[in-house]
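Now for the letters of each chain:
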Amino acid sequence: AQTVTQSQPEMSVQEAETVTLSCTYDTSESDYYLFWYKQPPSRQMILVIRQEAYKQQNATENRFSVNFQKAAKSFSLKISDSQLGDAAMYFCAYRSPQGGSEKLVFGKGMKLTVNP
Amino acid sequence: DVKVTQSSRYLVKRTGEKVFLECVQDMDHENMFWYRQDPGLGLRLIYFSYDVKMKEKGDIPEGYSVSREKKERFSLILESASTNQTSMYLCASSSRTSEQYFGPGTRLTVT
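Chains as they are written, first to last, in the working numbering: chain A, 1333 to 1448; chain B, -6 to 104.
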């Protein structure tokens, strides 16, 4: 079974600085999807970024980018120019390829604090 | 925009009560999911459904059941609520190829 590990339960960053959230996973599959979700305090969980394992290029969405290291099974999220609105719980998630189960396997989450 | 709604944001029930949590999505998604979220444990899958009237157990199905009579609606049922079921419950939906879209959550307290 696949597992997802977020080893840092909490992190903090100064506004306008850059922070990297780590995530490792374990799988025997060669094709899969990886996600970072964000859950602001008392608000809905939303997708931050998505990476398909077959794509070598790292995904980027504005200030959010990933460092996907397939061989190392590592999927870190970099937030540039951190803003107060980035404060949230961040969850890394794994999904088997299309045609398999569409279930997500989540890490335990990491609380990011942004200091003004 | 995809919209996933849940019937209540906050719910307080007594031990032994039967509890219904409702989830509705408006994007014609095939898949629907129920999770519970607890501090330090992340999200754990309770049940999911990949089609009307179809369901599969997730990682922690004990004490729960589900119903999916219509494609847009997925209900979570606690047959006899217990205090250890106090938690945040999240519903999500997805198509076969999309990411999961989440509802706002229901914070259930069982006293």
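Errors might be hidden in some of the hints.
[Said to hold, decoys possible] The list that follows gives simulated cross-link-like pairs (lysine-lysine, DSS-like), each with its CA atoms no further than 27 Å apart:
{"no.": "1", "chain 1": "B", "residue 1": "Lys6", "chain 2": "B", "residue 2": "Lys50"}
{"no.": "2", "chain 1": "B", "residue 1": "Lys50", "chain 2": "B", "residue 2": "Lys64"}
{"no.": "3", "chain 1": "B", "residue 1": "Lys63", "chain 2": "B", "residue 2": "Lys(-4)"}
{"no.": "4", "chain 1": "B", "residue 1": "Lys64", "chain 2": "B", "residue 2": "Lys48"}
{"no.": "5", "chain 1": "B", "residue 1": "Lys(-4)", "chain 2": "B", "residue 2": "Lys50"}
{"no.": "6", "chain 1": "A", "residue 1": "Lys1440", "chain 2": "B", "residue 2": "Lys46"}
{"no.": "7", "chain 1": "B", "residue 1": "Lys46", "chain 2": "B", "residue 2": "Lys11"}
{"no.": "8", "chain 1": "A", "residue 1": "Lys1440", "chain 2": "B", "residue 2": "Lys48"}
{"no.": "9", "chain 1": "A", "residue 1": "Lys1440", "chain 2": "B", "residue 2": "Lys63"}
{"no.": "10", "chain 1": "A", "residue 1": "Lys1443", "chain 2": "A", "residue 2": "Lys1402"}
{"no.": "11", "chain 1": "A", "residue 1": "Lys1440", "chain 2": "A", "residue 2": "Lys1387"}
{"no.": "12", "chain 1": "B", "residue 1": "Lys46", "chain 2": "A", "residue 2": "Lys1443"}
[What the hints assert, rightly or not] The calculated label-pair distances, taken between Cβ atoms and stated as ranges, are:
{"no.": "13", "chain 1": "B", "residue 1": "Phe13", "chain 2": "A", "residue 2": "Asn1394", "range": "15 to 23 Å"}
{"no.": "14", "chain 1": "B", "residue 1": "Arg89", "chain 2": "A", "residue 2": "Thr1350", "range": "31 to 39 Å"}
{"no.": "15", "chain 1": "B", "residue 1": "Arg66", "chain 2": "A", "residue 2": "Asn1399", "range": "34 to 42 Å"}
{"no.": "16", "chain 1": "A", "residue 1": "Lys1410", "chain 2": "B", "residue 2": "Arg7", "range": "43 to 51 Å"}
{"no.": "17", "chain 1": "B", "residue 1": "Ile70", "chain 2": "A", "residue 2": "Ser1406", "range": "37 to 45 Å"}
{"no.": "18", "chain 1": "A", "residue 1": "Asn1447", "chain 2": "B", "residue 2": "Lys11", "range": "39 to 47 Å"}
{"no.": "19", "chain 1": "B", "residue 1": "Ser91", "chain 2": "A", "residue 2": "Gln1340", "range": "22 to 30 Å"}
{"no.": "20", "chain 1": "B", "residue 1": "Glu49", "chain 2": "A", "residue 2": "Ala1348", "range": "44 to 52 Å"}
These are computed hints drawn from the structure, not numbers from a lab. Bear in mind the structure is a predicted one, so any value in this text is a computation, not a measurement. Every residue gets a Cβ at the ideal spot worked out from N, C-alpha and C, and that includes glycine.
Inset, instruction - List, from low to high, the hint numbers that the structure doesn't satisfy. - result: 6, 9, 12 and 13
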